[in-house]
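Chain by chain, the residues run as shown.
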Amino acid sequence: MTLEARVEGDGVSEAIPEPAHSMIEVVELSPGLRAELLDLEAWGEILTTYGRTMGVAVALTDAQGRLLGEPHNVQPVWRLIHDATLGSWSGCPFCITSHLPCTAVKEALRSGGVVMAHDQAGLTHVAVPLRLSKQHLGAIIAGQVFDRYPEPLPLRRVAKEFHVAPQQLWDLARKQRPVGSDRLRASGDLLRALGHAFLQQRYGTILETRLAETNGRFRLLVEGVRDHALFTMDPVGRVTSWNRGAEHLLGYAEAEIVGQSFSCIFTPEDIQNRLPESQLHHAMQAGQAEDEGWRVSANRNQFWAAVNITALLGDAGEIRGFAIIMQDVTERRRIAALLEETRLERGRLQEEFLSHVSHELRTPLTAIYFFVTNLFDGVLGDLTPQQHETLGLAIDNVKQLKDMVSDLLDITRVETHKLTVEPHYASPVKLIAEALSTCGTNAVLKHINLRSDIASSLPFIWADPARVRQILINLIDNGIKFTPEGGTVTVASRPFPENHGFLCLSVSDTGYGIRQEDREIVFDRLTQLKSGAETSRGGLGLGLFISKELVSRHGGRIWVESRVGHGSTFYFTLPVFSLAKLCAPVLTTANLEPGCVTLIAVDVVAVAGADQTELLPEMRKVLERCIHPAQDVLLPAMSDSEPVNSFFIVACTDSNGFSVIASRISKELKDFDRTSRLRPAISSTTLLVAPGQSRKEQIDEVTARIERLIQAHLLNKERLK
Amino acid sequence: MSGKKILIIDDDPHLLMGLTPRLVASSYNVVTATDAISAVSVARKEVPDLIILDLGLPGGDGFLVLERIRNLAGLAATPVIVLSARNPVDNRKRSLDAGAVNFFQKPPDIHEFLSAIRQALGETIALSTFLKT
Chain A
1 MTLEARVEGD
11 GVSEAIPEPA
21 HSMIEVVELS
31 PGLRAELLDL
41 EAWGEILTTY
51 GRTMGVAVAL
61 TDAQGRLLGE
71 PHNVQPVWRL
81 IHDATLGSWS
91 GCPFCITSHL
101 PCTAVKEALR
111 SGGVVMAHDQ
121 AGLTHVAVPL
131 RLSKQHLGAI
141 IAGQVFDRYP
151 EPLPLRRVAK
161 EFHVAPQQLW
171 DLARKQRPVG
181 SDRLRASGDL
191 LRALGHAFLQ
201 QRYGTILETR
211 LAETNGRFRL
221 LVEGVRDHAL
231 FTMDPVGRVT
241 SWNRGAEHLL
251 GYAEAEIVGQ
261 SFSCIFTPED
271 IQNRLPESQL
281 HHAMQAGQAE
291 DEGWRVSANR
301 NQFWAAVNIT
311 ALLGDAGEIR
321 GFAIIMQDVT
331 ERRRIAALLE
341 ETRLERGRLQ
351 EEFLSHVSHE
361 LRTPLTAIYF
371 FVTNLFDGVL
381 GDLTPQQHET
391 LGLAIDNVKQ
401 LKDMVSDLLD
411 ITRVETHKLT
421 VEPHYASPVK
431 LIAEALSTCG
441 TNAVLKHINL
451 RSDIASSLPF
461 IWADPARVRQ
471 ILINLIDNGI
481 KFTPEGGTVT
491 VASRPFPENH
501 GFLCLSVSDT
511 GYGIRQEDRE
521 IVFDRLTQLK
531 SGAETSRGGL
541 GLGLFISKEL
551 VSRHGGRIWV
561 ESRVGHGSTF
571 YFTLPVFSLA
581 KLCAPVLTTA
591 NLEPGCVTLI
601 AVDVVAVAGA
611 DQTELLPEMR
621 KVLERCIHPA
631 QDVLLPAMSD
641 SEPVNSFFIV
651 ACTDSNGFSV
661 IASRISKELK
671 DFDRTSRLRP
681 AISSTTLLVA
691 PGQSRKEQID
701 EVTARIERLI
711 QAHLLNKERL
721 K
Chain B
1 MSGKKILIID
11 DDPHLLMGLT
21 PRLVASSYNV
31 VTATDAISAV
41 SVARKEVPDL
51 IILDLGLPGG
61 DGFLVLERIR
71 NLAGLAATPV
81 IVLSARNPVD
91 NRKRSLDAGA
101 VNFFQKPPDI
111 HEFLSAIRQA
121 LGETIALSTF
131 LKT
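In the order they appear, the protein sequences are chains A and B. Counting with this note's numbering, you get residues 1 to 721 for the letters of the first sequence. Counting with this note's numbering, you get residues 1 to 133 for the letters of the second sequence.
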């Protein structure tokens, strides 16, 4: 006995396109949303009405074909069988068959069309898919009807299988009005359209409800925030919403300020300076703007506000308005100012104290120094070698004391931001040589080899020579101090590969090394490491701290690499002298417009052996007066070996402009130079700026040519001597 | 060799005791003053070739002494070297602007100091000084 449900895919239904989607975009449906979409109560009325009108049973199923709720308008034959099974029914709710599952619902969902199914009793139903944007929700099934007049034979088999009276079944079957397949299919299509429309509408309703709830919650949240003003504005800065926090902070009620410009919360000066407009403009450009400043409440109280403005953009990126968060930080600001003032005051007192201490220490130190040097140099008579050596040590100790006193003052200057560096055009080779010579005696005394390892042709640096010497001497002395007898301290210098604008100098020793955890703190104030070396004479522990400050004032950085037991290397970087950087302020687009730059050289020629060196700084001041600071640059001394008696001016002008500058220089120098018998020799070269290049290329080329001209000029002068 | 006269104005007697023999050993004649008031009269009376001046003096600031000396007929061009414990950052420029030829912070390197004295007296032409500015 083979009893099976026949399932036919329905070509006609497939041909009908799925109803067009409404404008609502369907997101991934959550289980909650699915349940809400298939809410039985909502569907109840439409299904009942449909079933009655069409004379069929109708029910809702999930995507697996399981019945949701009860079928509507149940047909007599089906009810009899169903009651006979005493509720143990499983499988398709509309098929009277217990052997094969009815796949109509799955088919319908897969294909998107209406699928018709027949069971062994001759009952027919259609499965109508419920899909939302391709996502399977469930189905409507409709039927439990014969599609033609019932046949006795299959009914008798069914009666036997389900243990019902054959006559009763037959009577009921004959009373049920058959619904033809065509009609059933057509009503399935109608149901499909109805179902889809209802689903769309229901989806829209659900979203609206949810949005309203979210808005309500958000509004409650915004309202609930009391210590921040939160408000929104339209694109021209008129207030569109205003929370309780804003009412509290700014004193305006929502009703009175909505529609008004937010500029009323600014000070009159800020309004005059068009700050409200510029803030909105900035927020519009950057998407967001932050500000701190005075704001004014309705009762004219001023408070210091921290403000964040966010531009609200529409889908097309158009500006819809602004959202503003504002907080009163007057108190925070007052405390911060108080703390800073206290800190500075403490720094001032400390500096005053240390300056006084330093001054008082220097006076007896000077007397001791003079006494001891007098003895040492034999001013007061001859000494035995042993006395001489002892006094040498005494002098070293006095010098050490003197350095400590200087460090004390440097350290306070660090804290009161007064430690200054005055960069010059300087030769690193020369500075290293000077530092090595200063530390030489100390190294010899301790039997330490002092070496230098310097790359050929190092660039000049732009640094304060005295400070660079101070850093080098400090690092070398440290190296000597922490290296056992017979060890080596090496000063090296190389271009810095990570940044070509910097030169890297290093001081390595073969000493005790620094442990990993100490490398972090070695540059901190008052740090002295116990590393097996004698530490009793370690000084104040300020040297590396001051060195670090000095390096960072130059724009460089300092760090240490070390292996315990093998030694340490301190590295620091200093900016390379760059003519381009010096000239950058005047080599502007406007200044380069005429297409030429003139290099002016002023060589000072001394007449009859006059001592010019004393006067050169004065001459520099005179030359400063002769140039136009917005268009011309007086370069720093471009040679650090000879007495600097050549000055160079880079002027953004042509040869006519040069004559003006030259005559001004001659006149000013003549006034200055009545007695010194110095004569300036002024020469110039005008460079044409190549057109059609980018400004950067032009500047690079011009400065490179100027540099070559200067070197040639200096070389030529050297030869003439 | 020199016989030139140097006036040291400093209120610390130990400094005078330390510096005087050194200058004498270099064949300078040394006269001293220990306060601002006597400094000017000693200077007028002795007419030194060079003055070494401390800034913190009893009876008046060293700058005041410098100004007075600059206004004395025979001393207007006498070189003055300031030797002070004060901070060079502010005081070097102020001293030079007031007419001193050099500024040394205490304690100075004795050899540099002596070389500066020789230079100020026109005894050598020391080019190295300028290199440091």
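FYI, nobody ran anything at the bench for these hints, they're computed from the structure. A portion of the hints provided could be inaccurate.
[Claimed, not checked] Each computed DSS-like pair below joins lysine-lysine, with the alpha-carbon atoms no more than 25 Å apart:
#, chain 1, residue 1, chain 2, residue 2
1, A, Lys621, A, Lys399
2, A, Lys106, A, Lys160
3, B, Lys93, A, Lys402
4, B, Lys45, A, Lys621
5, A, Lys418, A, Lys481
6, B, Lys45, A, Lys418
[As the list claims (entries may be wrong)] Under 10 Å between C-beta atoms, here's a sample of chain B residues computed to sit facing chain A:
#, residue
7, Gly60
8, Asp61
9, Ala85
10, Asn87
Model, not experiment: these values are computed from the prediction. Beta carbons are placed, not taken as given, at the ideal position from N, Cα and C, and that holds for glycine.
Results of checking the hints against the structure:
1. A/Lys621 <-> A/Lys399: 36 Å, violated
2. A/Lys106 <-> A/Lys160: Since the Cα atoms of A/Lys106 and A/Lys160 sit roughly 30 Å apart, the hinted pair is violated (cutoff 25 Å).
3. B/Lys93 <-> A/Lys402: Holds, at about 22 Å.
4. B/Lys45 <-> A/Lys621: Status violated; Cα separation ~37 Å.
5. A/Lys418 <-> A/Lys481: With Cα atoms ~29 Å apart, A/Lys418 and A/Lys481 exceed 25 Å; violated.
6. B/Lys45 <-> A/Lys418: 43 Å, violated
7. Gly60: Because about 18 Å separates B/Gly60 from the closest Cβ in chain A, which is outside the 10 Å limit, the hint is violated.
8. Asp61: For B/Asp61, the interface hint is violated, since the closest Cβ of chain A sits about 14 Å away, which is over 10 Å.
9. Ala85: With a closest approach of 4 Å, the B/Ala85 hint holds.
10. Asn87: It holds, given that the least Cβ distance between B/Asn87 and chain A is near 7 Å, below 10 Å.
Of the numbered hints stated above, those contradicted by the structure are hints 1, 2, 4, 5, 6, 7, 8, listed in ascending order.
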